[in-house]
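Just so you know, we're using our numbering here: the sequence shown kicks off at 1 and counts up by one.
No wet-lab data here; the hints were simulated from the structure.
Please note that the accuracy of each hint is not assured.
[Unchecked claim] Derived pair list, reagent style DSBU-like, types lysine-lysine, alpha-carbon separation capped at 35 Å:
(1) 40 x 50
(2) 40 x 17
(3) 50 x 2
(4) 43 x 17
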Amino acid sequence: MKNRGRVTAYLPEEIQKALEEWAEEESRSLSSLATYLLTKAVKDRQQQEKSN
């Protein structure tokens, strides 16, 4: 298994609830959804930086 970093985030309650609902709709854990979204955001940013 890969070594993984750990991040703690404090979210407004309405954002946390929305993420929990989203994760449930996709049969994911909240942690898995957060990992997916953060990874996608970083990759998108890196791609954007390459095209500038």
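Checked hints:
1. Restraint check for residue 40 and residue 50: satisfied, since their Cα atoms lie roughly 15 Å apart, inside the 35 Å limit.
2. Between residue 40 and residue 17 the CA atoms are separated by roughly 21 Å; this keeps the pair inside 35 Å, and the hint holds.
3. In summary, the hint linking residue 50 to residue 2 is supported, as the alpha carbons are separated by about 27 Å, within the 35 Å threshold.
4. Note on residue 43 and residue 17: the hinted pairing holds, with a Cα-Cα distance of about 25 Å set against a maximum of 35 Å.
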